[in-house]
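Given next are the chains, with one letter for each unit.
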Amino acid sequence: MAEKIILETRGITKYFGGLRAVYNISLKLNEKNILAIIGPNGAGKTTTFNLISGVFPVSSGNIIFEGKDITKTNPAERCHLGIGRTFQIMQPFEDMSVLENITTGALFGRHKYSLKEAKQKSLEIAKRFGLFEYKDFVGSKLPLAYRKKLEIARAYATSPKVMLLDEVMEGLNPAEAREMIETIFSLRDEGISIIMIDHIMFTIKELADWVIVMNYGEKLTEGKYDDVVKSKEVIEAYLGKEETC
Amino acid sequence: MLKIENINVFYGLVQALWDISIEVPEGSIVSIVGANGAGKTTLMRTINGIIKPKSGKIIYNGIDITGKDSNYVVSNGITHVPEGRQIFPKMSVYENLEIGAMFIKDAWEKRKETMEFVFSLFPRLKERINQAAGTMSGGEQQMLAVARALMGRPKLMLVDEPSLGLSPALTLTVFDALKKANKEGVTILLVEQNVKKSLEMAKIGYVLENGRIVMKDDGKTLLANPHIKKAYLGV
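Protein sequences, first through last, are from chains B and D.
Here the working numbering is used: the first residue of the first sequence is 1186, the next is one more, and so on.
Here the working numbering is used: the first residue of the second sequence is -8, the next is one more, and so on.
It should be emphasised that the hints constitute simulated quantities derived from the structure, not laboratory data.
Where is the CB? At the ideal position from N, CA and C, for every residue including glycine.
Warning: the hint list may mix true and false statements.
[To be verified] Derived DEER-like restraints, expressed as beta-carbon distance ranges: (1) B:V1323 x D:K43: 18 to 24 Å; (2) B:L1266 x D:D10: 50 to 56 Å; (3) D:K96 x B:K1304: 32 to 38 Å; (4) B:F1278 x D:I90: 24 to 30 Å; (5) D:N52 x B:E1302: 42 to 48 Å.
The whole structure should be built from the sequences, with the hints applied where relevant.
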């Protein structure tokens, strides 16, 4: 049975003034799949996320979500359609508590919960993502790895169909990263399709159904993890002599 | 070179560090490993004076620096790669690097030379020299944070998760840079989630759990310890 494509980009390109940050990126995300984007620092991975989530308008190209062209929609509209995201450089509402941060996600997400429903939902979500003991901490005072979890919890609270995870493994030790792998699988098992950016290779190996490698704003190659990491170009541009965990 | 004796640190009523004692011999690399929330970053911030301990002593080259302000600590040769980059986003790469040298007399005089050295480690920063630091990618900002701390020509460098957000190849570059700096005489106190790499290069490793030191040994011995394997390497 052919897999159903939930999100697709067709040749998206982004210029900042004269700087070409992302060029001609086409990708397809199948429903309930995990797609990973890897590549050197500054390759344009996060910019690609910003184009998909609508933070920046594309310079050219199209973005198709559930068969509809959403290229011209704004980030709030995309969130309501079911595209949730996290930020690599964490953006919690700094003066709000963990619980309030998550509640905000639930209030403005796809289901448009009432305040009462959103509050209740956010308690469940805080528990699920291991944030319950920190629920009253203000966002800015949370230890770094917990701010990462908060990013996921808040994105999850918007009831997304697609989640964009920007380096959620960052700052986790290998044992903690293993827990995060389980969390991401559980999101997938719930029916959420995922695009992730990460550098922690063993997590990509375990999680990704498909890997896209970017370099200098362009797609260098794509394929299954095992094939991609054997590619000479990928080793030269990204992995270096020795593969680190 | 650095001797921490029985420090206790509180956030309000919550005790974050309990009776911590650590020694960092001159010229060595010392690694601290521990789960997120264990208190590693709090310890780094206590050494550099951002947080004042409630009790205990921090002795640096024979001088008591307990409770001294950060500017005093920095001007005595201790620089810091803070967790999560903390670069100055609206200033250029060049200005960020200059600031790294600005408060240490010797480093300021030699800043041109040091800048060449950090550009040789991170050529990408040279390409972006006039760019506002906040517009760079996360990984590039992390390179800048490491480079800025090196600009101070430190005697002791507190390094909090230098590989955060870096590609596998650049992670190797950063560890190589730390080893190079160490060979040139910079003593390093390192906190890093890449437990394997950090213990491999450490002369001494400490394990911090729930605000307490629970183990101390040489790096390689710790790496072979079953508890470390299970709790930190997920093996």
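Taking 50 to 56 Å as the stated bounds, is the beta-carbon spacing between L1266 (chain B) and D10 (chain D) within them? Cβ of L1266 (chain B) to Cβ of D10 (chain D): about 53 Å, so the range 50 to 56 Å holds.
Given the hint of 18 to 24 Å, is the C-beta distance from V1323 (chain B) to K43 (chain D) inside that range or not? holds (21 Å)
I want to verify a distance hint. Is the separation of the beta carbons of K96 (chain D) and K1304 (chain B) within 32 to 38 Å? With Cβ atoms ~56 Å apart, the hint is violated.
Can you let me know if the beta-carbon spacing of N52 (chain D) and E1302 (chain B) is within 42 to 48 Å? violated (60 Å)
Just tell me: holds or violated, for the beta carbon distance of F1278 (chain B) and I90 (chain D) against 24 to 30 Å? holds (29 Å)
When the structure is compared with the earlier hints, violations turn up for hints 3, 5 and for no others.
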